[in-house]
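Top line first, the protein sequences correspond to chains A and B. Using our numbering, you'd call the opening residue of the first sequence number 1 and step up by one each time. Using our numbering, you'd call the opening residue of the second sequence number 1 and step up by one each time.
Just so you know, the hints here were simulated from the structure itself, not pulled from any lab data. Treat the hints with care, since some could be wrong.
Once the Cα atoms are required to be at most 27 angstroms apart in a straight line, the calculated BS3-like pairs of lysine-lysine come out as [unchecked claim]:
(1) LYS242/A - LYS154/A
(2) LYS324/A - LYS85/B
(3) LYS324/A - LYS307/A
(4) LYS324/A - LYS242/A
(5) LYS98/B - LYS85/B
(6) LYS98/B - LYS307/A
(7) LYS34/B - LYS307/A
(8) LYS23/A - LYS34/B
(9) LYS358/B - LYS335/B
(10) LYS85/B - LYS34/B
(11) LYS98/B - LYS34/B
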Amino acid sequence: MTETTYSGSDAADRGNDMAARRKRRDAANRRLQYYGIGAISFAIGLLALLFASLIVSGYTAFTQTHVRIDFPISATHVKPDAIDQGNYRLVVRDALADLFPDVTSPADVRSLGQILTNNTQFFVRDAVLADPSVIGRSVTLEIPASDPFDQLNKGVIDRNVPENQRRVTDRQIGWFDQLVAQDRVTAPFNWALFTAPNSRFPELAGLSGAIVGSALTLLVCFVLSFPIGIAAAIYLEEFAPKNRWTDLIEVNINNLAAVPSIVFGLLGLAVFLNLMGLPRSAPLVGGMVLALMTLPTMIIVTRAALKAVPPSIREAGLGMGASKHQVIMHHVLPLAMPGILTGTIIGMAHALGETAPLLLIGMNAFITSEPGGITDAATALPTQVFIWADSPERGFVARTAAGILVLLGFLIIMNGLAVWLRQRLERTW
Amino acid sequence: MIGYAFLLILAFSAVAYFVGRSTGSRFVATAGGKVHSLPGYHGAFVALWVGLPALLLLLLWVSFQGSAIDRMLLASLPETLTAGKSASEIDLIVSEIKNVAAGRMFSQPSADIVTVAERLQGWHAIADWAMIVVAACLMIVGLVLSRRLLSPRFRARNVVERIISGLMIGCSVIAILTTLGIIVSLIYEAAAFFRMVPFTEFLFGLRWEPQIALRPDQVAGQGAFGAIPVFVGTLLISFIALLVSVPIGLFTAIYLVEFADERVRAVVKPVLEILAGIPTVVFGFFAILVVAPAVRDFSNVLGLAASPNSALAAGLVMGIMIIPFVSSLSDDAMKAVPRSMRDGSLALGATPAETMTKVILPAALPGIVGGILLAASRAIGETMIVAMAAGLIASLTINPLDSVTTVTVQIVTLLTGDTEFDSPKTLAAFALGLVLFLVTLTLNIIALQIVRRYREQYD
């Protein structure tokens with residue numbers, strides 16, 4: 001009793017003080033928490049913005065405006081005995097003249113022809129080559145519209161802006177609208193994005209060359225880095241004596257893993273291209289450079305997987321009279337395999353997205369055919385994206401974003417596979 | 001052709017394995033318990049003897065075929081093509097011949113070039129077939145010889161294990177060879193550069209105009225190789241990137257370690273992993289599609305003039321790219337602080353925030369600093385974002401709204417297109433590469449050292 005009276009006001013003071021301090025401390029605690037939430041929301045928001053902007057600008061490239069045109073194949077333009085030398089330019093002109101009889105002046109005919117892709121004549125030629133019996137009759141083809149009209153059809157080019165600020169004239173729009181009114185304009189799924197090689201014209205450009213190039217590059221990379229990585233990891237983890245030499249190798253591997261990827265490109269350029277004279281732009285060289293780049297990761301991942309196998313397995317094997325090699329080949333390696341495979345897939349996904357070293361060995365060339373082998377000139381998916389991002393035509397913006405979506409699609413599949421493998425096969429001891 | 005040769009070697013080795021194994025099985029059937037090794041080891045012994053020499057041959061052949069044929073081609077060029085031409089003109093002719101031989105024709109080549117190109121095609125065909133034939137002969141010899149060595153008492157297992165051990169050592173040496181290859185090739189080419197351009201001018205010069213003429217008939221500048229503007233640009237962009245990524249990454253890690261429950265962590269961790277797995281070329285496109293226009297509009301609102309490829313845009317996007325890197329490294333560092341220290345602090349009545357700022361952060365600081373150094377090395381070496389979003393002209397400025405260039409951008413622009421290994425333009429890229437390699441290597445070594453030493457303290 002006496003104590004409270006004795007220090008009454010003092011204790012109340014101290015209590016107030018304490019309460020204020022607690023409030024301050026709690027506020028500081030909450031503040032730190034809010035900073036954290038803010039930082040995380042910022043990161044997640046940016047990721048969402050990244051994907052949203054890619055999808056918004058890329059989804060239009062997954063359809064392509066086509067125009068259905070009847071081409072009269074007259075025997076005067078295309079001789080049956082020399083089909084590939086026929087004058088298909090005139091065939092195209094006749095077909096457009098049939099559709100628009102009132103367009104006669106040469107300048108108008110030219111600007112009318114700009115509605116279709118520049119390569120229309122080759123589409124007609126291929127159709128006639130495929131079926132020579134159409135000579136003298138007419139053939140109906142779905143021809144890709146050229147880039148400005150593809151953009152117009154998709155609403156990217158605004159009709160309401162003044163004529164001199166857009167790439168299509170009012171008359172061209174009028175003709176295009178007539179085609180729309182005749183129900184000749186369609187916008188089907190753009191399979192050409194996956195089946196056509198690169199082209200100067202956005203409406204024709206596809207990713208097939210880049211996909212094949214990337215596949216070949218990754219194949220070379222895998223064939224080199226998988227066995228070499230596993231062998232090196234087994235040696236360092238299971239056999240190597242602990243001495244300065246193996247210490248040096250280990251420090252080396254850790255440092256190599258952090259060397260900028262472009263330095264590997266310089267190595268490839270100086271050694272593989274300049275010194276050895278291997279072909280430029282080839283998936284072989286690209287795969288070799290990427291293999292050197294992924295090797296440290298492969299070794300680190302494999303060592304972690306080997307380390308996770310408990311020593312009791314090794315001791316049991318040795319106890320049964322197996323040699324050290326047999327224990328590792330028959331027991332340790334198979335048990336570590338799920339971890340190694342998961343790491344390998346992630347390493348390959350990383351290699352698939354790598355661009356800089358491939359630029360230096362020339363895998364950003366303009367190549368309009370799929371590579372036939374690992375020594376042919378080729379591009380890869382990320383370098384194709386880089387080339388398209390540099391192209392000035394409006395249509396390539398959508399193509400670039402679509403190319404990125406395809407690249408990300410492959411990465412998601414690979415990483416999903418890795419996650420699935422991990423969940424499926426991983427075991428805890 | 002190399003691919004087919006490789007498959008042929010694989011197929012041959014498989015056949016050799018089965019030949020050896022069936023021999024081994026026969027030993028078991030006839031000699032019973034006196035056989036030293038299991039049949040599989042006899043098979044592996046034969047397969048190694050068949051496959052290894054052939055693979056080695058393939059490797060050497062691929063390494064030297066190109067340069068050997070090039071030399072033969074140069075020696076065999078007819079007088080009419082080479083008369084009175086300089087070395088670089090002859091190089092042009094050679095590359096035209098190669099294009100014609102590969103079927104890439106842009107215009108009608110002259111008759112001389114067509115004949116040489118046809119000869120070149122012939123040589124290539126001969127070389128490819130010779131490679132296959134020699135490899136096949138080697139494999140047959142290997143099969144016959146190694147098959148002869150087999151006997152019931154032959155120690156096939158020991159031999160195979162010794163060969164495999166040797167192979168594994170060879171594979172782990174590749175890592176060292178790669179480093180050596182990087183260092184030697186960079187120093188070799190950079191030395192050639194410094195013979196043309198003085199070392200001091202490169203390190204301390206203030207003007208960088210490397211686009212000089214490769215051929216006498218090209219129109220181009222005089223050339224200046226002072227790399228200071230390039231270094232300053234690199235540091236500026238990396239600094240902006242760290243300014244973005246360090247606070248965000250650090251606060252993310254703090255929240256995840258101290259405040260987040262399992263549910264939040266299960267969402268945020270994969271998001272950060274996705275962010276880390278996005279290829280840099282995608283970030284580069286994001287920079288030119290979204291961030292650079294946004295930066296320009298924003299600075300226009302403020303009344304400032306921003307370049308279309310401002311250092312700020314490139315740095316911001318690079319910062320986004322490094323966030324997961326910083327957060328996961330600081331996360332590791334904070335997790336490595338012993339639990340007892342954290343529990344002790346909480347038991348004394350400290351709030352989680354006080355525990356974090358007064359106990360865990362100071363204890364984890366070396367690890368975090370190491371992580372930031374690694375992030376800085378990542379930012380300096382990052383190529384694609386700056387190649388797409390930063391400028392090409394080296395201007396000496398620290399205004400983040402101006403366009404600057406970086407070491408990696410210069411390497412890419414100098415080495416795409418015409419490359420001539422006797423022009424300072426090409427070799428300058430290797431000098432820049434050497435600087436880049438040394439700087440990132442130093443940062444990495446310091447960072448790894450700090451992280452390692454610190455980790456030992458608590459283990």
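Hints, verified against the model:
Proximity of LYS242/A to LYS154/A is assessed by CA-CA distance (about 66 angstroms); at most 27 angstroms being required, the pair is judged violated. For the proposed pair LYS324/A and LYS85/B, the alpha carbon gap of about 64 angstroms is over 27 angstroms, so the pair is violated. Taken as a hint, the LYS324/A and LYS307/A pair is honoured in the structure, with Cα atoms around 16 angstroms apart against an allowance of 27 angstroms. For the suggested pair LYS324/A and LYS242/A, the alpha carbons sit about 17 angstroms apart, so the restraint of at most 27 angstroms is met.
Restraint check for LYS98/B and LYS85/B: the C-alpha separation of about 18 angstroms stays at or below 27 angstroms, so the hint holds. Distance check on the hinted pair: LYS98/B and LYS307/A sit about 51 angstroms apart at the alpha-carbon level, beyond 27 angstroms; violated. Between LYS34/B and LYS307/A, the direct Cα distance comes to roughly 37 angstroms. Violation of the 27 angstroms bound is thereby established for this hinted pair. For the given pair, LYS23/A sits about 86 angstroms from LYS34/B by alpha-carbon distance, which is inconsistent with the 27 angstroms threshold.
For the hint pairing LYS358/B with LYS335/B, the CA-to-CA distance comes to about 15 angstroms; that is within 27 angstroms, so the pair holds. A threshold of 27 angstroms between alpha carbons decides the hint, and for LYS85/B with LYS34/B the separation of about 74 angstroms lies outside it, so the pair is violated. With a C-alpha separation of about 61 angstroms, the suggested pair LYS98/B and LYS34/B falls outside the 27 angstroms cut-off, and the hint is violated.
Hints 1, 2, 6, 7, 8, 10 and 11 from the list above are not met by this structure, while the remaining hints are.
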